[in-house]
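Enquirer: One-letter residues, chain by chain:
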Amino acid sequence: MNIRIKELNKYFNQFHVLQNINLDIRKGELIALLGPSGCGKTSLLRIIAGLEQPSSGQIFFNDQDISKKDIRERRIGYMFQHFALFQHMTVLENISFGLRVKPKKERPSASNILAKAEHLLEMVQLGNLANRYPEELSGGQKQRVALARALAIDPSVLLLDEPFSALDTKVRRELRQWLSNLHHEIQLTSVFVTHDQEEAMEIADRVVIMNKGVIEQIGSPKEILDTPKNDFVYHFLGETNHFSVGEQNFTFRPHEIILSIHTEKIGYFEAEAIDIRPLGAVTKIVLKPKDSDYPIEAQVPNTTRDLNNLNKGDKVYFRPIMDFEI
Amino acid sequence: MFSSKYSVIPGFWLSLGYTLSWLSLIVLLPLAALFLYASHIHFDQLMTILGNKQLQSALKLSLYTSFYASLLASILGVFLAWMLTRYSFTGKKIIDSMVDLPLALPTAIAGIALTTLYAPNGLLGSLLPFKVAYTPLGIIIAMVFVTIPFTIRTLEPIIKDIPYSVEEAAKTLGATPLQSFLYIIFPMLFPAWLTGFSLAMARSLGEYGSVVFIAANIPYKTEILPILIVSKLDQFDYTGATVISLLMLLISFALLFAINIIQRWIKPHRLIWFITHLSIPRFSKKKSS
Numbered sequence: 001m002n003i004r005i006k007e008l009n010k011y012f013n014q015f016h017v018l019q020n021i022n023l024d025i026r027k028g029e030l031i032a033l034l035g036p037s038g039c040g041k042t043s044l045l046r047i048i049a050g051l052e053q054p055s056s057g058q059i060f061f062n063d064q065d066i067s068k069k070d071i072r073e074r075r076i077g078y079m080f081q082h083f084a085l086f087q088h089m090t091v092l093e094n095i096s097f098g099l100r101v102k103p104k105k106e107r108p109s110a111s112n113i114l115a116k117a118e119h120l121l122e123m124v125q126l127g128n129l130a131n132r133y134p135e136e137l138s139g140g141q142k143q144r145v146a147l148a149r150a151l152a153i154d155p156s157v158l159l160l161d162e163p164f165s166a167l168d169t170k171v172r173r174e175l176r177q178w179l180s181n182l183h184h185e186i187q188l189t190s191v192f193v194t195h196d197q198e199e200a201m202e203i204a205d206r207v208v209i210m211n212k213g214v215i216e217q218i219g220s221p222k223e224i225l226d227t228p229k230n231d232f233v234y235h236f237l238g239e240t241n242h243f244s245v246g247e248q249n250f251t252f253r254p255h256e257i258i259l260s261i262h263t264e265k266i267g268y269f270e271a272e273a274i275d276i277r278p279l280g281a282v283t284k285i286v287l288k289p290k291d292s293d294y295p296i297e298a299q300v301p302n303t304t305r306d307l308n309n310l311n312k313g314d315k316v317y318f319r320p321i322m323d324f325e326i
Numbered sequence: 001m002f003s004s005k006y007s008v009i010p011g012f013w014l015s016l017g018y019t020l021s022w023l024s025l026i027v028l029l030p031l032a033a034l035f036l037y038a039s040h041i042h043f044d045q046l047m048t049i050l051g052n053k054q055l056q057s058a059l060k061l062s063l064y065t066s067f068y069a070s071l072l073a074s075i076l077g078v079f080l081a082w083m084l085t086r087y088s089f090t091g092k093k094i095i096d097s098m099v100d101l102p103l104a105l106p107t108a109i110a111g112i113a114l115t116t117l118y119a120p121n122g123l124l125g126s127l128l129p130f131k132v133a134y135t136p137l138g139i140i141i142a143m144v145f146v147t148i149p150f151t152i153r154t155l156e157p158i159i160k161d162i163p164y165s166v167e168e169a170a171k172t173l174g175a176t177p178l179q180s181f182l183y184i185i186f187p188m189l190f191p192a193w194l195t196g197f198s199l200a201m202a203r204s205l206g207e208y209g210s211v212v213f214i215a216a217n218i219p220y221k222t223e224i225l226p227i228l229i230v231s232k233l234d235q236f237d238y239t240g241a242t243v244i245s246l247l248m249l250l251i252s253f254a255l256l257f258a259i260n261i262i263q264r265w266i267k268p269h270r271l272i273w274f275i276t277h278l279s280i281p282r283f284s285k286k287k288s289s
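Quick mapping for you: the protein sequence lines, in order, are chains A and B.
Sequential numbering from 1 applies to the first sequence in the UniProt record's numbering.
Sequential numbering from 1 applies to the second sequence in the UniProt record's numbering.
One chain only, chain A, in its complex shape (with noise of 0.2 angstroms):
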């Protein structure tokens, strides 16, 4: 199902969170919201739920204007940040919760259910805990849960709030792709809410780029990575560095750059390496420019010739390899 919202608002009083959006999300993509918190994001999506009512504006579901119904009539899977699970349920009532409480004609034969409700278990490998209850479980799984539940009403869209935030690193890695991988065999509409870029990048296949209650541009990561629209998008995707020489100005990322431990080449900036720190595949260099205050921070591959010389405190010659104007 399509999603278009068009000239939405939302005020919460004087406060404008959310001005004159428009956004067109195609059926089955994957959708990110992306921006720092109070950008208005979530805010966005309670409203696409239905949770929260826009103070004008239209959200249509495949052209069908859905503003005014209410959340039990849009058949939206949501996912909360913190999971929302029902404590005093099974992993198997939490899950088939949303079949159970439909009214009498619409509501399968209660085998039909338990069927619908163990294939959910077994799609998010959770088999084996069908009957344990909530707090028994890990982060990871109860995100899973979460998932299963939301997805078992058929739901023509789903939303998640910030899904993984709540969640430590490793496991957030792996059931961002997992979820990634779901999504690309279910083919559901789906529109995530992050604060993280990497995770954005990573799964979406397009993102939105919010900041103070406006879209700042929507493209796919591609897209958005090379041809950032304005500074706050190209600050906001990764760091940064300044540097200036005379007239010359340099804005350039941390991979942009090339090091050299030899004297003086064309180009070439002197400056010391004043920390050094192996990160996997990449290292960082902490860079001191001869000519200014600034430190730059450099990433370069781990496998870079002579990083297994440079020591702190060393010589080394930089050139950025990309300037962008702004």
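Misleading hints may appear alongside valid ones.
Covered stretches of chain B, going by a simulated chain A footprint (3 or more residues, C-beta under 8 angstroms) [said to hold, decoys possible]:
{"id": "1", "segment": "47-54"}
{"id": "2", "segment": "155-166"}
{"id": "3", "segment": "170-182"}
These aren't lab readings, by the way, just hints derived from the structure by calculation.
Cβ coordinates follow ideal geometry from the N, Cα and C atoms, glycine included.
For chain A, the structure is supplied; the task is to place chain B on it using the hints.
Expert: Same frame as chain A, but now just chain B:
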């Protein structure tokens, strides 16, 4: 049980001894004295006192007024506690402090105020088509007034602990407000609700100060047990008063004990199981493999 891990209150045996001594002085000794005094009463005498019709009707009245009062107080308590925790409105702080007033106020004042209001020529009493003061209904109202703080204050922390997102989750899954309440909120509240109910019941059974004014204490009609005890004492019938006191003690203890047992057994998930049985289809529990 007697292993003493590190604790902020030092000296396990010292604290235990100290606590027990004080507990004995304040609670256990007076109760023991009651039993001691009662042990001098002959069995025949006991049966005569217990067989007394006035006592039996007072007992019945005491039991059913305090039951209905606690039920009413604990249901009203849910709404009030919900309102005080989930909504913000002007004057909330004032209402919040007023909740505890019945605990601080001498109950006689409550009784006199309620009687004035609900007397046949009183402000509310003259408007109502039925009699309130000097009837069991009046007794119930007085009891509700006195016990409602217990029910509100036991529920409040539990309601605060229910994350709002749990209700929203139920909503997104298609549950109606009634279903959300029945399957999600109520099972979570029930243990605290029952505690509030039992505290209210215990308090109502013993309530004297407010009821004495509003009940008019007509034997066989509006005379509850505590009032009967005092009237026995007024007639220097110490034996009768002792027997009734003992009876009340046993009833209160049995009630609290029973509720304690129920509370241990009924966990929120058992409750949901029970409710689910009533109305929505359930599936057979499979053994986890």
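Enquirer: It remains to establish, for every hint, whether it holds in the given structure.
Expert: Outcome of the hint check:
Remark: the segment 47-54 of chain B is not confirmed as covered by chain A, as 0 of its residues place a Cβ nearer than 8 angstroms to a Cβ of that chain, below the required three. Beta-carbon proximity to chain A at under 8 angstroms applies to 3 residues in the segment 155-166 of chain B; the threshold of 3 is reached and the given coverage holds. Coverage of the segment 170-182 of chain B by chain A holds in this model, with 8 residues showing a Cβ closer than 8 angstroms to a Cβ of that chain against a need of three.
Consistency note: the structure conflicts with earlier hint 1 alone.
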